[in-house]
Every structure is written in C-alpha cells, then in structure tokens.
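S.K.: So the chains spell out like this:
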Amino acid sequence: MTQDYRKFLLPEAISRISRLEIRARSIVEGFLSGLHRSPFFGQSVEFAQHREYAPGDDVRNIDWKVWSKTDKYYIKQYEEDTNLRTTLLVDVSESMQFGTGPLNKYEYGCTAAAALAYLLLKQQDAVGLVTFDDAIRAKVQALSKRNHLNALLTALAAEKPAKKTDIYDVLREVAETKSQKGTIILISDLFVNRESLFKGLRLLQYRGHDIMLLHILDDQELDFDYAGTTRFEGMEQTGELVCDPRSLREGYLKAMHEFLNEIRRRCAKNKFDYQTIRTSEHLDAALSHYLNHRIGMQQSIRK
Amino acid sequence: METWLTQHFVNSTLVYTGALMVAAPIIIHLINRFQYKRVHFAAMEFLLQSQQTNQRRVLLEQLLLLLLRIILILCLLMLIARLILDPNQLSMFHGAKSHHVIVLDDSGSMRNAWGEQTAFNEGLQVIRKIAAEGANRPNTEKMSLIVLSRADAPLLLQRDINEELINELDAKLTNLSCSHQSLDLNQGLEVAAELLNEDRAVIKTLHVISDFRKSDWQEKKGVPESIKKLTTDDVAINLVKTVPDSQPNLAITELSGATEVAAVDVPLRLRVSIKNFGDQVANDVRVAAFVDQNKLPMSIVFDKIEAGSEISQDFDVVFNKPDLHQVNVSLNNDALDADNQRFLSIAVKPSNPVLVIDGNPSGNEWMYIQTAIAPDATTTGFAPSVESVDYLRRHPLDQFKNIYLLNVAELPLDAVAALEKFVAEGGGLIWFVGPSIQPAFYNDKLYNSGNGLFPAPLELAPRDLSPRETNTMVDMQVNDHPLFSVFAGQDNPLIEAVTISRYFPLSQKWLQTQAQNASGVNVIATLRNQAPFIIEHRFGKGRIITCLTSAGPLVTSEGEPWNSWAFNPSFIVFQLELQKYLVQSRSHDQAEIVGDPIALSLDASVFSDEIEIQTPISQGERTIRLKASPKQEPNASGSGPLQLVTAYRETDQPGVYSVQLKRQDQTVEQQMYAFNFPITESNLELASSDELIKELGNQSQIQIQEPGEFQWIQGQEAGREITNTILVILFLVLICEQLLAYRLSFHPSLAGAAA
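Residue numbers (the working numbering), protein chains in the order written: chain A, 1 to 303; chain B, 1 to 755.
Keep in mind the hints are simulated off the structure, nothing from the lab.
Built from N, CA and C at the ideal position, the CB exists for glycine as well.
Please note that a few of the clues may not be correct.
[Stated by the list, open to error] Lysine to any residue pairs mimicking SDA-like chemistry, simulated, CA-CA at most 25 Å apart:
#1 A:LYS254 with B:THR513
#2 B:LYS37 with A:ASN104
#3 B:LYS37 with A:GLU250
#4 A:LYS269 with B:ALA741
#5 B:LYS37 with A:SER280
#6 B:LYS37 with A:LEU149
#7 B:LYS37 with A:GLN220
#8 B:LYS445 with B:THR513
#9 B:LYS37 with A:GLY101
#10 B:LYS37 with A:ASP219
#11 A:LYS181 with B:LEU740
#12 A:LYS271 with A:HIS148
#13 A:LYS254 with B:ASN54
#14 A:LYS254 with B:LEU739
#15 A:LYS254 with B:LEU744
#16 B:LYS37 with A:GLU176
[Unchecked claim] Computed footprint of chain B on chain A; a stretch qualifies when at least three of its residues, placed anywhere within it, have a C-beta under 8 Å from a C-beta of chain B:
#17 177-188
#18 199-210
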C-alpha cells in the first residue's frame with residue numbers, strides 16, 4: 001500500500017515544487033504557515049483597525065481606551081493569523097480513468113492532489129481531502145500535521161472509481177460539512193452537468209470558500225488525434241459510437257473548445273480560479289501555475 | 001456482352017478482372033468499418049455532438065471518396081484494357097465478326113522506290129501485318145484481298161484469318177509483283193463495295209493501300225465519290241499511304257516518228273520527249289538509244305529540263321535491213337524506273353510504194369509528184385508507181401501506202417469501191433483536180449451526199465483567181481495544221497511565192513447550207529479570196545486530202561498555168577509531209593500501253609490458228625503459244641469470212657512483244673508490238689492527308705494512315721486519343737481523391753495549430 005501511494009509523490013516533481021516554494025517565500029507575503037494573512041479578521045496580536053460597536057459583537061473586543069476618550073463603543077479588530085485550510089476535492093469517477101499517456105486523469109489528479117497536499121503540509125497548512133464520484137467516497141479532515149499526508153494518500157489510493165459523477169450533491173454536502181472557510185481545490189475532468197457544477201461551486205463560494213478548479217484533461221481529449229475506424233465506448237454509460245475519428249475531429253474539437261470556453265467564462269464570471277491541465281504536462285508546471293495564480297487572492301476576497 | 005466488350009476493349013479479357021477490382025475500394029471500406037479499435041472514451045459527449053452535426057457531411061464525403069476511388073480503378077482498368085469508344089473506326093481487329101477488305105493498288109506508280117523500299121513492298125508489308133494481327137483473334141476476322149490489276153478476281157475472298165491463311169497469303173504475296181499499268185482505283189472499290197454489301201459482318205473495314213497520288217485522286221473524281229458512298233454504308237475506311245514523300249521523277253513520255261514510212265537506209269527521224277515531274281530543274285539528262293538491243297554510239301542530251309516541263313528532241317535512226325526492228329530509249333534510274341524506258345517497234349521496208357493515177361496520161365503532172373516524193377528511191381524511201389485508172393480495178397491496192405488521183409475525169413464504179421475499201425482500211429488518198437474532171441460525176445458518185453471519197457460538191461466549172469495586186473497578199477493561206485507545221489510562222493517566203501491562178505470552187509450552195517454540218521470535213525488551207533483550197537476529211541480509218549487545183553503547172557487555154565506551186569520548194573516539203581501524215585492514220589498505235597491486250601483477228605483462209613508470242617527480253621523472252629479460235633464475222637449477207645480470233649493479255653511488262661503468225665502455206669509472218677509504261681503513272685506527286693480529307697470531307701469513318709506507321713493495325717493509333725483523355729481524367733481524379741482524402745484525414749502539424 002505504501003508503494004501504491006508513494007507513486008503520487010514523484011520526487012522530481014516535488015523537488016521542483018520545493019525550489020519554487022523557496023522562491024515564493026521570498027516574494028509572497030504570507031505564503032508559508034503562520035505568515036499567511038487570513039482574509040478574515042480574528043484572534044491575533046496584530047491590530048488591524050477600529051470599528052464601531054454593533055450589538056452582537058464580542059464585548060471583550062471593545063476598546064475601552066477609545067470609549068474613555070470618546071464615550072463611544074469601538075471594537076478592536078485584529079488580523080487573523082490562521083493556517084490555510086485547504087480541502088482537495090478529487091474526482092475519482094469512471095471518466096477520470098481515461099488516459100492515453102503514462103498517467104491517466106485519475107492518476108494525474110491524485111498525483112497533483114498529493115503534491116499539493118505535500119506542499120501545503122510542508123507549509124503547515126491544514127489539508128483536507130474529499131474524493132467523490134456520484135457521492136462522496138472518502139473524507140479526510142483538514143489537519144496541518146506533517147504525518148497527515150499518509151492519511152490523505154491512503155484515501156486517494158484506496159479509491160477504485162466506477163460511478164457516474166453527480167457533482168451538485170457532492171458539493172452541497174461538502175459545503176454543509178466544511179463550515180470553516182478555506183480554499184477548495186476541485187480536481188476533476190468536469191465531465192458533469194455544468195449547471196449543477198456551477199450551482200454547487202457558487203454554493204461553496206457563498207459559504208466563503210475560495211474556489212480553485214484544476215481541470216484535468218487527457219491529450220487525446222483535447223487533440224483527438226485518433227486515426228482509423230474506432231469504436232468509442234463511453235465510460236459512464238454515455239453510449240458508444242463507431243466512426244472514423246478523423247472525419248469527426250473538427251466537430252469534436254469545436255465542441256470541446258466550446259465546453260472549455262464555457263467553463264472558463266463562467267469561472268471568470270464567478271471569480272473561480274481555473275486552470276486546464278493536460279495529463280502530459282509536468283505536475284510542477286501545473287502546480288507552479290496554481291501557486292502563481294494564488295498571489296493576491298486575499299485582496300479580491302476581503303470585503 | 002462479350003461482343004460489346006471485344007468491340008470496346010483491346011484487352012477485353014482484362015475487363016472482368018478489372019470489374020472485380022472496382023469492388024476493392026468498397027471492400028476495403030467495409031473491412032475498415034468492421035475492423036475497428038476499441039477505445040474507452042470519456043469525452044463521448046462532444047464526440048456524439050460532433051457526430052450528430054457532421055453525420056450527413058461525413059457520409060457524403062465518404063461516399064464521394066469511395067466514388068473517386070472507384071473511378072480511379074475504372075480509369076486504370078480502361079487504360080490497361082484499352083477502351084475504345086467508337087468500335088467502327090477504332091477497333092481494327094476487335095469486332096465480333098469483322099470483315100477486312102483490302103484493296104491493294106498495284107498500278108505502275110507503286111513501283112516508286114526509295115532506298116531499299118518500294119511503295120508496293122510497303123503495301124505488302126501492311127497486308128502481312130493486318131493478317132498477322134487478325135490471326136491473333138481466331139474465328140472473328142475475315143479477309144478479302146483485291147489486287148487492283150486483277151480486280152475482277154480477288155486474291156482472297158472472305159477467308160477466315162488463321163495460320164493456314166497466313167501461310168497461303170505469304171506464298172501469294174511473295175509471288176505478287178507490281179504491275180506497270182495505269183489502273184483505276186474505282187474498279188477495286190466497286191468490287192470491294194460488292195463484297196462488303198454481300199457480307200453481313202458486324203464491322204466492315206475497307207483498307208485501301210495505295211500511294212495516293214494527286215493525279216489519281218484529284219483528277220479522277222469517281223474515287224472520292226465511291227469512298228464517300230461506302231462510308232454511308234457503314235464501312236470504316238482506312239486509307240493506307242505507302243509513300244512517305246513525293247519524289248522527283250523524269251519520264252520518257254514519247255518515242256515516236258513516222259515509222260510507217262520507215263525504209264531501208266533512209267534516216268528515220270524519231271522524237272523523244274522527256275518530262276520532268278519533279279519540282280526541281282533537271283540538268284544534263286542523257287538518254288541512250290538502242291536499236292535491236294544495240295546501243296547507238298550517241299546519247300541524246302537534254303541540258304536543262306525545268307520542273308514540270310516537257311522537252312522533246314529528235315534523232316535519226318538508219319536501218320540497214322528491211323525487217324522488224326525495235327528501238328528503245330532509256331534514262332538513268334530514278335524513283336520510278338519503269339518510265340525511264342520507252343519502246344518502239346518499226347517495220348522497216350525496202351521502200352514504201354505509192355500509187356499515182358494520172359487522169360491525163362499524156363500529161364506530166366505525175367512527174368512532179370514522183371519527183372517530189374522520190375527524187376531517188378534511197379533518199380526518201382518512197383517508191384511511186386504511176387498507173388492509169390484501170391489499174392485500180394485490176395490490182396489489189398493494199399500494198400500501197402497512199403494513192404494520188406491527179407486530174408481524174410471519172411472512175412469506174414468498181415474502182416470507186418476498191419478505193420473506198422482502201423481508204424476505209426486506213427489508206428491515204430490525195431485528190432488533185434484539173435481541167436479533165438467531171439464535176440457532175442464527182443458530185444454524184446464521189447461526194448455521194450457526204451458519204452464518199454470527195455469531201456464536198458464542186459461548182460461545175462473551174463474559176464480563176466484574180467491576179468494579185470500587191471505583193472503583201474498571199475495566194476495560199478494555211479491553217480494551223482500538222483501538215484503545214486514546217487511552214488509555221490509569219491511571212492514564210494516559200495508559201496508567199498506560190499501563185500494560184502485557177503481552182504475548182506466548192507459548190508456555193510453546199511458552202512452556205514451544209515458546210516457547217518459536215519463533220520470531219522476540215523478546210524486546212526484557203527485561197528486569197530477565202531475560198532477553200534485544201535480540205536481534209538476522214539473516210540473509215542483513212543484520211544483524204546483534197547487539193548482544189550492541179551498537181552502540176554497545167555496550162556489553161558489562155559496559156560496561164562493553174563498554179564506555180566510545183567515549181568516552188570514548198571511543194572516537195574508538202575508532198576513528203578503529206579505521205580507521213582497520211583500513213584500515220586494507218587499505223588497501229590505506235591505506243592501501246594502496258595496491260596492492253598494484243599488482239600488478233602486473222603483471216604482463216606490465210607493463217608493457221610497457231611500463234612507464237614515472244615515476250616520482251618526483260619520478261620525473259622518466253623515464248624507463248626496461243627491457239628486462235630474461229631469466229632464467223634457476221635456481215636450483211638449473214639455469213640462473212642471465217643476469222644481466227646485470239647487475244648494475248650499478259651502484256652504487263654513494257655517492251656516489244658513479237659508475234660509470229662503461221663500462214664497456211666507454212667511461211668511465217670512476224671509482227672511486233674511495243675508496249676510502254678503509261679505516262680499517267682509517272683507523276684509521283686502525292687496527295688497530302690489534308691488534301692485527301694478535303695476531298696473526302698472530314699468523316700470519322702475515314703482514317704488516313706501515314707506511311708511506315710503500323711500502330712493502327714494493333715488499334716493503338718485509335719486508342720491513343722482516348723488514352724490521353726483517360727490519363728487526364730485519371731490525373732484529375734487522383735488530385736481530387738488526394739485533396740479530399742487530405743481534407744478528411746488528420747494531420748499532426750495542423751492539429752497542433754488547431755489546438
């Protein structure tokens with residue numbers, strides 16, 4: 001079993017990420033654990049601002065000194081120094097089993113998830129994991145302990161995906177259980193109902209989560225360079241088709257681009273972080289792209 | 001179906017295989033449909049979407065591609081099996097049942113030689129090739145071969161072409177030689193048309209193998225007409241040319257002379273004419289002359305003969321012995337050898353007897369005639385004998401060449417009959433009038449309403465011609481006539497000096513009413529007052545010359561001479577010319593044309609029926625014995641004298657044929673016949689293909705094959721045009737197929753760009 005999940009930690013990829021982390025540390029403030037500025041106000045030593053008291057505010061936070069001077073109730077607000085709470089949502093449905101390269105989408109997704117978990121754990125951020133297909137298959141609580149990685153990898157590796165993705169229920173369940181705000185990284189091929197996907201994601205966003213989509217797609221799915229008569233068998237009871245793929249390639253690519261464009265457009269609209277990743281791409285390239293993308297996220301969220 | 005295939009494809013057997021090949025793209029397509037890879041695919045949504053939108057287009061494109069590939073195979077099939085669109089003109093040997101009628105022109109001009117080849121041999125080669133090609137398709141081809149010189153007896157008649165026939169044909173063709181004759185292509189075409197009409201073959205092809213000379217083609221209008229007619233009867237016509245280029249040719253077109261008057265030791269003037277049929281000037285042409293195969297120690301030189309012109313030269317030959325002699329002249333060899341020789345047979349006699357009848361025995365007119373034509377027996381070769389009118393009744397006249405009748409008052413009727421017979425058989429008769437003649441007798445018995453020996457009725461009395469007032473007037477005005485050719489030209493002093501004082505005028509009434517209608521009566525000289533003076537007319541085979549004045553200077557009662565002609569040198573010239581002129585009508589043609597038969601009709605009472613004919617030296621001097629068959633000559637009384645009739649037809653070889661006739665008394669009479677190459681064959685100018693097309697109209701059924709090309713025999717000539725078309729189509733289809741296939745297929749470089 002150890003061998004099995006170890007395969008997600010491709011040493012080369014991880015080491016490259018490490019170098020990237022060093023670079024990130026010097027540039028990005030709050031990139032590592034303890035230095036993250038939470039986008040939320042909370043318990044901290046660092047004063048942020050005063051605010052007029054409103055009923056319901058914690059009386060403990062009232063700044064009496066200000067009251068003594070002004071006879072008005074102001075409360076002190078502090079920067080919240082929190083661990084980055086990241087939940088990895090990994091799609092393990094049957095469609096993720098497709099792959100023509102060395103790694104199929106599932107493997108690639110798991111590897112990416114593992115790498116991210118490793119990175120985050122190394123930063124002492126809390127990492128949780130949810131795997132799902134038509135329903136949630138496994139759930140691992142977010143912890144920032146270094147040895148938490150084992151639990152995460154075990155949950156990833158244990159899955160034998162088989163079922164059809166039905167994403168809204170899953171996302172709603174996640175939204176219900178994850179009360180603490182954090183980052184949710186969805187690793188999936190997104191071959192799901194788009195409406196329910198975005199409905200679910202908006203729900204999560206509404207709950208205060210920071211959403212990131214890593215859209216894993218195989219080269220063949222993007223390029224469709226099959227040749228010769230081929231019988232295509234849908235992976236999730238989506239039917240089958242015998243055809244000359246070359247003749248359908250154009251239409252397929254068009255449909256695929258429309259799909260990607262739609263996803264991209266709706267992500268941009270909803271301020272979801274979105275990235276398409278080919279399974280042939282290096283993991284580190286995908287992750288570095290992710291990390292670069294994270295810069296300045298707080299500003300966009302803090303109201 | 002089989003028939004159709006064989007008609008439309010050169011390699012019809014390949015068609016079936018080819019048809020199976022057409023199925024190949026379909027089968028490959030189907031195999032591709034059923035042999036597929038299985039792929040578990042996630043993004044089926046988009047694939048199905050694409051399939052839904054592209055279904056019709058993909059189907060159409062695939063069908064189109066399939067169609068193009070089938071067309072490709074079809075094109076290849078047509079190329080390999082060699083499609084022929086129009087079986088009539090295109091397939092030479094691929095019809096179900098086809099009949100090839102070959103007309104081989106073997107006229108003299110086909111002897112045209114260049115290098116080692118002759119037009120005739122070229123033609124034979126074509127026939128062999130046609131037969132060989134036909135033998136490749138047993139039981140479908142029939143062949144008839146018509147050789148033009150024997151058009152009535154085709155060499156082969158509707159024979160199936162097979163190995164046996166080829167052997168037979170080979171033997172026949174080896175023995176076949178080109179004739180020397182001038183032949184009419186029409187005869188061959190007529191026979192061919194009959195053969196083709198009888199035949200019910202599917203495809204009828206007429207091959208005309210000839211040199212297609214301009215003269216044959218354009219001057220004889222019948223040939224294009226016959227060919228056009230054949231095309232309307234659905235006959236494919238193949239004109240096979242055998243001569244690549246027109247070649248210059250010199251030909252001896254004439255060798256002639258007054259051979260009838262040839263006499264021992266008298267120089268005989270012969271004329272040789274050469275025509276240059278080429279388009280370039282011929283310089284220094286030498287003609288050698290031979291008498292009885294011995295070359296004369298001289299050659300006749302023509303310095304320059306312009307292109308297209310004919311030049312004549314005269315030369316004299318003297319014969320030492322009275323016998324049959326043959327003279328021939330020859331030129332150096334050129335493209336056509338046969339016309340470089342010309343032959344003449346001459347019967348040389350010790351002398352030529354001429355009968356002079358003087359109506360006035362006491363007169364001396366006969367003397368003038370005798371002196372004119374035979375001052376000495378050895379110088380002119382004429383032997384005049386002067387007799388009285390009575391002689392005509394008592395002696396046979398056929399020994400004489402010509403007969404003079406001078407101032408004859410009247411003739412006994414049996415003498416008239418004898419004379420009429422003499423002239424009708426070709427003898428020459430010369431009338432001179434005089435004071436003694438009885439115009440009434442002449443008008444009644446001799447003129448005989450235009451059916452007699454005298455050309456026209458006379459006035460009853462002679463008339464005086466008024467004396468000349470100026471010297472510019474000439475008493476005797478000669479017309480353009482061979483007799484006066486020596487006097488030709490203006491201001492001839494000899495003629496000018498002749499004075500005519502008295503003459504017998506023709507009946508005024510006749511001149512006014514009937515002169516125009518009198519056919520054959522020809523005034524060849526007139527007097528100063530335009531009255532007819534010398535008249536020529538024909539009687540039977542012979543000619544009669546009538547001079548309306550006296551032969552000698554007869555003195556009238558007034559003491560004036562009738563004329564002074566006899567004192568003038570022109571009288572002698574005229575008399576000698578007259579002799580030659582009159583005898584020519586009697587001579588059998590000096591130049592017989594090869595191919596004409598030697599027809600003999602002999603008096604059975606004189607000759608036996610055994611005849612020997614010796615062919616010319618060039619033909620090996622063979623001796624042929626003929627047996628003449630008796631034939632009753634019908635005449636007015638119902639049974640005439642028994643004639644022995646025969647004809648010798650193998651006179652194709654130019655040269656002198658000698659005929660020996662055996663008399664009943666076992667003596668032998670020899671005759672010689674010279675046969676010459678027909679002049680019409682000497683002009684070797686060819687009609688070009690364009691000219692042929694112009695004559696025939698541009699009909700698809702008529703094909704003209706250029707010399708030296710034989711591809712058409714295998715049908716390649718015809719197939720080439722289509723081959724090109726198919727090649728173009730194939731090329732276009734290939735390009736389309738490639739473009740479409742490229743369009744329908746996936747290309748990584750593009751894929752990268754698209755992604």
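S.K.: Taking 25 Å as the top limit, are the C-alpha atoms of B:LYS37 and A:SER280 close enough?
M.R.: Holds: B:LYS37 and A:SER280 sit about 23 Å apart, inside 25 Å.
S.K.: Given the hint that A:LYS254 pairs with B:THR513, does the C-alpha gap stay at or below 25 Å?
M.R.: violated (115 Å)
S.K.: Given the hint that B:LYS37 pairs with A:ASN104, does the C-alpha gap stay at or below 25 Å?
M.R.: holds (19 Å)
S.K.: When you check the alpha-carbon spacing of A:LYS254 and B:ASN54, does it fall within 25 Å?
M.R.: holds (12 Å)
S.K.: Just to be careful, I want the Cα atoms of B:LYS37 and A:GLN220 compared with a cutoff of 25 Å; is the pair within it?
M.R.: holds (15 Å)
S.K.: Does A:ASP219 sit within 25 Å of B:LYS37, going by the straight-line distance between their CA atoms?
M.R.: holds (18 Å)
S.K.: So if I understand the rule, the pair passes when the alpha-carbon distance is 25 Å or less; does A:LYS254 with B:LEU739 pass?
M.R.: At roughly 22 Å apart (the allowed maximum being 25 Å), B:LEU739 and A:LYS254 satisfy the hint.
S.K.: With a cut-off of 25 Å on the C-alpha distance, tell me whether B:LYS37 and A:GLU176 pass.
M.R.: violated (45 Å)
S.K.: Cut-off 8 Å, C-beta pairs, minimum 3 residues; does the coverage of the region 177-188 of chain A by chain B stand?
M.R.: violated (count 0)
S.K.: When you check the alpha-carbon spacing of B:LYS37 and A:GLY101, does it fall within 25 Å?
M.R.: holds (17 Å)
S.K.: Does the alpha-carbon distance linking B:LYS445 and B:THR513 stay inside the 25 Å limit?
M.R.: holds (20 Å)
S.K.: Count the residues of the region 199-210 of chain A whose Cβ falls closer than 8 Å to any Cβ of chain B, and tell me whether that reaches three.
M.R.: Violated - the region 199-210 of chain A has 0 residues with a Cβ nearer than 8 Å to chain B, which falls short of three.
In summary, the numbered hints that this structure violates are 1, 4, 6, 11, 12, 16, 17 and 18.
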